[in-house]
Amino acid sequence: EDQVTQSPEALRLQEGESSSLNCSYTVSGLRGLFWYRQDPGKGPEFLFTLYSAGEEKEKERLKATLTKKESFLHITAPKPEDSATYLCAVIRGDKIIFGKGTRLHILP
Amino acid sequence: GAVVSQHPSRVICKSGTSVKIECRSLDFQATTMFWYRQFPKQSLMLMATSNEGSKATYEQGVEKDKFLINHASLTLSTLTVTSAHPEDSSFYICSAWGRGSYNEQFFGPGTRLTVL
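Line by line, the protein sequences give chains A and B. Heads up, the final residue of the first sequence is numbered 108 in my numbering, and it's a clean run with no missing numbers. Heads up, the final residue of the second sequence is numbered 116 in my numbering, and it's a clean run with no missing numbers.
Derived from the structure by calculation, the hints contain no laboratory data. Positions of the beta carbon are idealized from the N, C-alpha and C atoms, including for glycine. Accuracy of the hints is not assured; some may be wrong.
[Stated by the list, open to error] For each label pair, taking beta carbons as the anchor points, the in silico distance ranges come out as: (1) Glu22(B) / Ala53(A): 15 to 21 Å; (2) Gln60(B) / Gly16(A): 40 to 46 Å; (3) Arg12(A) / Met45(B): 44 to 50 Å; (4) Glu22(B) / Ser24(A): 32 to 38 Å; (5) Leu13(A) / Leu76(B): 39 to 45 Å.
[To be verified] Not close to chain B: a few residues of chain A, all C-beta gaps over 12 Å, as computed: (6) Arg12; (7) Leu13; (8) Ser20; (9) Gln38; (10) Pro40; (11) Thr49; (12) Gly54; (13) Thr67; (14) Lys69; (15) Phe72; (16) Ala77; (17) Lys79; (18) Pro80; (19) Asp82; (20) Ser83; (21) Asp94.
This is chain A alone, in the form it adopts within the complex (with noise of 0.2 Å):
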């Protein structure tokens, strides 16, 4: 069954410290893999799309990266302003299914 696991499921960060979330799936034959970002009570916002393993995106302080088990959203010195849920996603036939996503908290 496909599968997207997102960790950790939530992290608190100080101001300028960076880290990275993790994404991992299982699905039989990736078509694409989906970033987006999540503020309360608003829709996801889009990223980023990856398609093979070893490509990267980089957009501000964020960079996605991918693997064939799994991706990686890297934050550089992150900033209050990009405390938000990030949310994980894989293309399964024409619709895309989420993992649980990861809230992350920056601290001033």
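Could you slot chain B onto chain A? The hints should help.
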């Protein structure tokens, strides 16, 4: 990027009434839209796939008679929660693939439903 809107953003209703939520793709046509439900501090749960011109496809465990989906046009899908009860209170979000590709799936801002 492509924009998906939802209306209303918040709705409060009495138990037993029906509530309709609209999802629109504003600058692109979407033959397929998706409806999700999200409980506090939990991830998005896919409820159904809305197909323009045909019946929706529901995920296992989702009551099709409770959650009526109509995809009336290439830019509009509606979710009607029938005979709502307090346990139907949740955050409902719709989404669509942008411009027919699988590069990005765009999400609406969500609708907060509270059933009293």
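Against the structure, the hints come out as follows:
1. For Glu22(B) and Ala53(A), the hinted distance range of 15 to 21 Å is not satisfied, since their beta carbons lie about 40 Å from each other.
2. Between Gln60(B) and Gly16(A) the C-beta distance comes to about 45 Å, which sits within the given range of 40 to 46 Å.
3. Evaluation of the 44 to 50 Å hint for Arg12(A) and Met45(B) yields a failure: the beta carbon distance comes to about 26 Å.
4. Checked against the hint of 32 to 38 Å, the C-beta distance between Glu22(B) and Ser24(A) comes to roughly 36 Å, which is consistent with it.
5. Judged by the Cβ atoms, the range 39 to 45 Å given for Leu13(A) and Leu76(B) holds: they are separated by roughly 42 Å.
6. With a least beta-carbon separation of about 15 Å from chain B, Arg12(A) lies farther than 12 Å from that chain, consistent with its non-interface assignment.
7. Non-interface call for Leu13(A) relative to chain B: holds, since the shortest CB-CB distance, roughly 19 Å, exceeds 12 Å.
8. Every CB of chain B lies more than 12 Å from the CB of Ser20(A), the least distance being 19 Å, so the non-interface label holds.
9. Non-interface status of Gln38(A) relative to chain B is broken: a Cβ of that chain comes within 12 Å, the nearest being about 8 Å off.
10. Against the 12 Å criterion, Pro40(A) falls within the reach of chain B, whose nearest CB is about 9 Å from its own CB.
11. Chain B draws Thr49(A) into its interface by the beta-carbon criterion, the shortest separation being 6 Å against a cut-off of 12 Å.
12. Interface exclusion of Gly54(A) from chain B stands, the closest Cβ pair being 19 Å apart, more than 12 Å.
13. The beta carbon of Thr67(A) sits about 21 Å from the closest Cβ of chain B, which is more than 12 Å, so the claim that it is off the interface holds.
14. Listed as a non-interface residue, Lys69(A) keeps its Cβ farther than 12 Å from every Cβ of chain B; the least gap is roughly 20 Å.
15. No beta-carbon of chain B comes within 12 Å of the beta-carbon of Phe72(A); the shortest separation is about 18 Å.
16. For Ala77(A), the non-interface assignment is confirmed: its Cβ lies about 26 Å from the closest Cβ of chain B, beyond the 12 Å cut-off.
17. Residue-level check passed: Lys79(A) sits 23 Å from the nearest beta carbon of chain B, beyond 12 Å.
18. The claim that Pro80(A) is not at the interface with chain B holds, since no C-beta of that chain comes within 12 Å of its own (minimum 20 Å).
19. The Cβ of Asp82(A) sits about 18 Å from the closest Cβ of chain B, beyond the 12 Å cut-off, so the non-interface label holds.
20. Separation of Ser83(A) from chain B is adequate, the least Cβ-Cβ distance of about 14 Å exceeding the 12 Å criterion.
21. At the 12 Å boundary, the C-beta of Asp94(A) falls inside the reach of chain B, the nearest C-beta of that chain being 6 Å off.
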